[in-house]
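For reference, the chains in residue letters:
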Amino acid sequence: SQAAIAQTYSDRVAALEKEVEALKAENEKSGVIGSFKGGRLGFASKDGDFTFALGGRLFLDTAWADTDDDSRDLGQETFVRAARFAAKGKIYQDWRYKLQYEFVGNGAGGFRDAYLQYHGFKPGGNNLVLSIGNQFMAYGLENMQSAKYIAMMERSAPMVALGQGSRRLGVRADVYGDGWNWAGSIGQRVPGTASPQDDDDPLGLFTKVWFNPVLEKGRMVHLGASLRREELRGNNQGVRLRVRPENQVDGFRTLDTGVMGDSDGFDGANLEAAFTYGSLNLNAEYYWQKYDELENAGANTREEPEFTGGAVTGIYYLTGESRPYTPKMGGTYGAVTPNNPLRGGGIGAWAVSARFSTVDLTDSGIDGGRQDVASIGLNWYPEKRLRFSVNAGWASVDGGPNDGSDPTFLQARTQLEW
Amino acid sequence: SQAAIAQTYSDRVAALEKEVEALKAENEKSGVIGSFKGGRLGFASKDGDFTFALGGRLFLDTAWADTDDDSRDLGQETFVRAARFAAKGKIYQDWRYKLQYEFVGNGAGGFRDAYLQYHGFKPGGNNLVLSIGNQFMAYGLENMQSAKYIAMMERSAPMVALGQGSRRLGVRADVYGDGWNWAGSIGQRVPGTASPQDDDDPLGLFTKVWFNPVLEKGRMVHLGASLRREELRGNNQGVRLRVRPENQVDGFRTLDTGVMGDSDGFDGANLEAAFTYGSLNLNAEYYWQKYDELENAGANTREEPEFTGGAVTGIYYLTGESRPYTPKMGGTYGAVTPNNPLRGGGIGAWAVSARFSTVDLTDSGIDGGRQDVASIGLNWYPEKRLRFSVNAGWASVDGGPNDGSDPTFLQARTQLEW
Amino acid sequence: SQAAIAQTYSDRVAALEKEVEALKAENEKSGVIGSFKGGRLGFASKDGDFTFALGGRLFLDTAWADTDDDSRDLGQETFVRAARFAAKGKIYQDWRYKLQYEFVGNGAGGFRDAYLQYHGFKPGGNNLVLSIGNQFMAYGLENMQSAKYIAMMERSAPMVALGQGSRRLGVRADVYGDGWNWAGSIGQRVPGTASPQDDDDPLGLFTKVWFNPVLEKGRMVHLGASLRREELRGNNQGVRLRVRPENQVDGFRTLDTGVMGDSDGFDGANLEAAFTYGSLNLNAEYYWQKYDELENAGANTREEPEFTGGAVTGIYYLTGESRPYTPKMGGTYGAVTPNNPLRGGGIGAWAVSARFSTVDLTDSGIDGGRQDVASIGLNWYPEKRLRFSVNAGWASVDGGPNDGSDPTFLQARTQLEW
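As they're listed, the protein sequences go chains A, B and C. Quick note on numbering: the first sequence equals residues 1446 to 1863 in the working numbering. Quick note on numbering: the second sequence equals residues 1446 to 1863 in the working numbering. Quick note on numbering: the third sequence equals residues 1446 to 1863 in the working numbering.
Nothing false has been slipped in among the hints.
No copy is singled out in the list; a pair is fine if it fits within one copy or between any two copies.
With a straight-line Cα cutoff of 20 Å, these simulated EDC-like cross-link-like pairs (lysine to aspartate or glutamate) come out:
(1) Lys1482 <-> Asp1492
(2) Lys1469 <-> Asp1492
(3) Lys1491 <-> Glu1464
(4) Lys1474 <-> Asp1494
(5) Lys1482 <-> Glu1471
(6) Lys1533 <-> Glu1547
(7) Lys1735 <-> Asp1812
(8) Lys1735 <-> Asp1701
(9) Lys1463 <-> Glu1473
(10) Lys1773 <-> Asp1539
(11) Lys1474 <-> Asp1492
Just so you know, the hints here were simulated from the structure itself, not pulled from any lab data.
Next up, chain A with everything else stripped away, as it sits in the complex (with noise of 0.2 Å):
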C-alpha cells in the first residue's frame, strides 16, 4: 500500500538523520585537523588559531681528505653531521615559536631556533614580525639560510669567518612589503660567552635590508646589505679566526690567525646578489670585517686589522626545476620538489653545483694566510624531502701557518627531513 511505502521511506529517513546526527557529533568531539603537507605530519585546530609540527632532519656525511703536497694525510671520517628535532607551531592566532635542539651538541650548545614570534602588527599595511629568542641574526645571505638547502654541503670558508655567529639570543624585526625586507636585530651569544664574573655579556647589532626587484615564477632578482657591530668586551681572552677548507674530517684549520690580542669588538659588512633564471641560480656574497684598536697584541699592538672574503655559488637543475625562494625573514631558500619524482616511476630532481670562495685573513701584522677552495657537487633529489650529495674540492693555500697546504676532499652526504 501507499502507506506503507510512506512509512518505509520515513523510517528511512529518520534513521538517516540520527545517523548524520551521530556523525556530527563524533566530528565535533575532535577539534583537530591532521594533514601530511609536502610529506610532513602537521595538526591544525578546526578555527586555524593553533598548529603544531614536529620536525627532523638527519645528515650522515663521509668524507675524504688530504693535502696533494703531502704534508698531512686528513683521512676518511663517516659522522652523523647533524641531527635535530623540533617543535613548532602556531598559538593564540598572532604568536608562532619554535624550539629546535641538534642531538650532536651538548646542553646548551645543542640549541639552534628557540624563540616565540608576534606577527599580530600590520603596520601601515605592510608586516611586521617580532621575534624573541636564539634565532638567526639578520646578517648576510648564506647566513640566514637552512643548512638544508644550501647549495654544497658546507657552508663557504669566508662565510664561516666572516659571516659566522649566525643565531644569538635576543629580539629581531622583520618588515616587509612588495618588493622590499628590512630586518634589525641584536642578541648575545648561548650559551653566553662564559658570562665571567663582574662583566657583561657583549652585544651584536645587525641589519640587513634586501629587495626583489624582479620576482616571478621562474625568475628572481636579489640584492642585500648589511651592517654588524659586534662587542667583544667581557669574553677579551684573544681574538682568533680560524678556517677549515669546507670540509670536516679532522679538526685541521688551513687558516689560523692565532691568539691576536684583545680588541673592544668589531665592524662587519655584507654585500649579496642572487639571481634565478630557470633552472639556474646565481649567488655572489662580498664580506668585510674590521676589529677596534688591538691590545695586549705586542708588535700589533693599536692595529686594526681588516679581513675580507667573497664567494660565488651556482646551481643548476639538469631536470628542468627552479630553486625555490621565499623573499620574507631573509630572503632564503626551500627544498625542491622533483618534477618527476621517484615515487611515480621518474629519476627524481638532479643538480649540479659548484662555489668559489676566497678568504684572506692576513692584515696588519696579522698572518693567519689566505685560502682559495673551488668546489663542485652534484645532487639528487629522489623526493622533494630526501637528498642524496657528492661534493669535490680543492683548496689553496697561501701564507699563515699552513701555507702551501692545498687539501682536497671528496664528501658524500645522505640528507633526510620529516
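Using the hints provided, position chains B and C relative to the given structure of chain A.
Quick look at chains B and C alone, frame taken from chain A:
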C-alpha cells in the same frame, strides 16, 4: 507522475544511506580523537584508555645584578633558563607516564620527571596514586610547584638551600579524599651521588600532609606540614650549603658554609600555609634543617648545625583573575586563564607579585651567613600559556664570607608553554 | 495533505544531502588517520604513503651487588638505565627512517638508531631492504635484539665482550625469502674512534645468514651463523677487553685484559640457535674472536690471542603465552601480549627466565680471566608495553686481575614503552 517522484525519493535516500555508511566506515578507521585543550595538542583513543601529549617550555631570561657597595659588578647576561620537552600519557586505562628532559642539562643530569603511575586502586573510596621513577618528593609547597607557575621568576633562597633536592628516583604514594591529602616517598638521587665503589646510594625519606579547610570558587585555604630524613652516607666528601641572591646572573653565592665536614645525614621539617581570596593569593613557608653530628670538621666536629629559613609570597591579579589551585599531588598552582585575552582584543591578565625571604646558614660554629631578599614582580599573561615577567630584588647579607655584600637585581623573562 | 507530506520528505532529504556533503567536505580536510596500535600512537596519510610515530622507552633500575668473599662491597644503586626517544616513519611509499636518541648519553654518544631505508626493490620476488645510517650491524642473535625484549635485564657478558659494537654508521643490505635471510653490512663507529689526524676511521664488515626450518604458531626453530672482520687501524692506542658481572652497579669489571698492545684488527665468528615450543623458548650462542698479531705488546708481541664465550638462555611463560618472533631483519623477539591483561581483571603475563654465560679472556700470554655467570629472572607484564623484572645472578671468576672475586647481584627494573 507520482511513481516517478517516489522513485526519485527512493534513489536519493538510497544514495544517502550509502554515503552515510561510507562516512561511518571512514570514521572507524581512525581510532584517535585530537584536541587543542587550553592551547595544547593532545590525542586520546576512542575508548579513552590511551592518551598521548607532547609538551614543552621555554624560559628566555635577561638579568642584571650588582652589589650596592660596588664590591662586585655581577654584570648582565642573557640565557636560556629552561627548555624542556615532555611526552606523557595514559596507557591501559589505569597507568600514567611522563618523560621530561631539560635540554639545558646534559645526559642523566637533564632528566626531570620520568615516572610511571598506577591509578587503579581506590582504598575506602579514596584516591590512591602510586608512582615509581624520577619525580618530586613529597616535601614543602614551593618544592612541589612547577617553575612555570611560581609567583617570582626564581625560587626563594630558603627553599633552594633547605627545601631543595626536589626530584629523586624512587617511589611515592599519594592518598587523598575530600579536603585532605597525604603523600609519602622514598628516593635516591639521579644521576647517582657519584655512585662510589664499595658504597650504597644514600636514601631520602619524605612525607607531607595537607588540608583544605576552604576550597571553593575564588576562596582557598591550604595548610600543610612536611618531614624528611636524608642520609648522606655514600657521598661524605664534605657537606656544604650555598645560596644565590635569587638570580642566576653569575656563579656568585652570597651565603656559603664552605665544606662543613662529613655527616651521616640531616632531618628537615616544613610548615606551609596558603590562602586565596579572589584575586589575592598569599603563601607562607617555614624551613628547618638539622644535621647529624659533623665529622672531620675540625673545631666543629660533633656539632649539629641547625639552619632555618622562611618566605612569604603574595600575588595579586590586577585584572580580576584568581590563582588556579589543585589540591591533589602536592597542592599546586596552575596556569591562569586571562579574563580578557589579547586575541579577543583584551589586555590579558596582569599580576603584581612580591616575596620576602630569609635564610640563616650560621649556627654551631658554621658561618654561612644570613640573607634577606625582598623582591617584587610584574607579570603579563596575554594568553593562558604565555607569560612575560619582570622582577626586581634587593638582598641583604649579614655574616658569612660575603658579609655586607648586598646585591640588587633586575631580571626579565619570556615564558612559553606548548 | 499528501502534497504537504511529500514536501516534508523532500525537505528532510534535501537537508540530509547537505549535511552529508558537509561531513564529506570536513573529512576531506583531514588527510591523516590516527590509531593507538598495541598501545602506541601513530599516524598515516590516507593514501598510506606516509606514516609517523613517536616512541620511547624508560628503564628504571635498582641494583645490589657484592662479592661473596667480601673483597668488595659493590653496594646499592638506583639509576635510569635507559631513556630513549624515537621518531620514525614511512615517507614516499618506499622509504623508512628512524631517529632514536638515548638521553642518558651525551651529544653524538647518545645516538642509537639513525637511518634511512629503501624498500622499493624486490629482486626475484624476494625482499630487499637497503639501510644507510647508524644501525645494528648484521652479527649475532643477542646483538641485534632490542634490549626491551631480551630475556634477562642485562646482555650476557660474552656478547658484551665479543659480540659488541652493535651499531655502526654504514650501509646494510637484508635479503629474505621464505624461511631464509641474509644480511651484510659495513660500517664505522659513531662517534668516530677519536678520528685522529692523519688517519682513517677503521672499518668493520659483518655478515649473517639465518634460517627458519620451523616457523608456525607456537613453534619456531632458528639457526644462524655470522662473521665479521674489524679493522683497528686508526685507534691503535692499545687494545683492551673488559667485562662486567652482568650488572651495572658500579664501574667494577671482573675480567680485564689490560692494554694488550696494538693490533691491525680482529676476526669474529658466531653460531646461534633458537627454539620455541609453546611457552618455552631457548637460545644458544657461541662467540669466537681472534686478534691479528699484537704489536707493542712486550712479551706478547706477535701473539694472536683468541677469545671465546657462549650463553644459553631460556624463558618460560607461566601464563601460557609464546615468545613473539620476527624472522626478518635479524631474527628478533618482540613484546609479548598477555593472555589476561591486568586491565581486564587478569593477572598479566608472568615469565621465568634463566641464563648461563661463560667468557674466557685468557689466551696467548694475555690473562684477562674467565667468568661464568648463572642468573635467573622473574618477569611480570601486566600489559603489552609494561614490564617489571627481578634478576638474581652469581658470577664465578677464574684468573685475571680479580681471580676468585665472585660477585652476586640482585636487580629490579620498571620498564615502560610508549
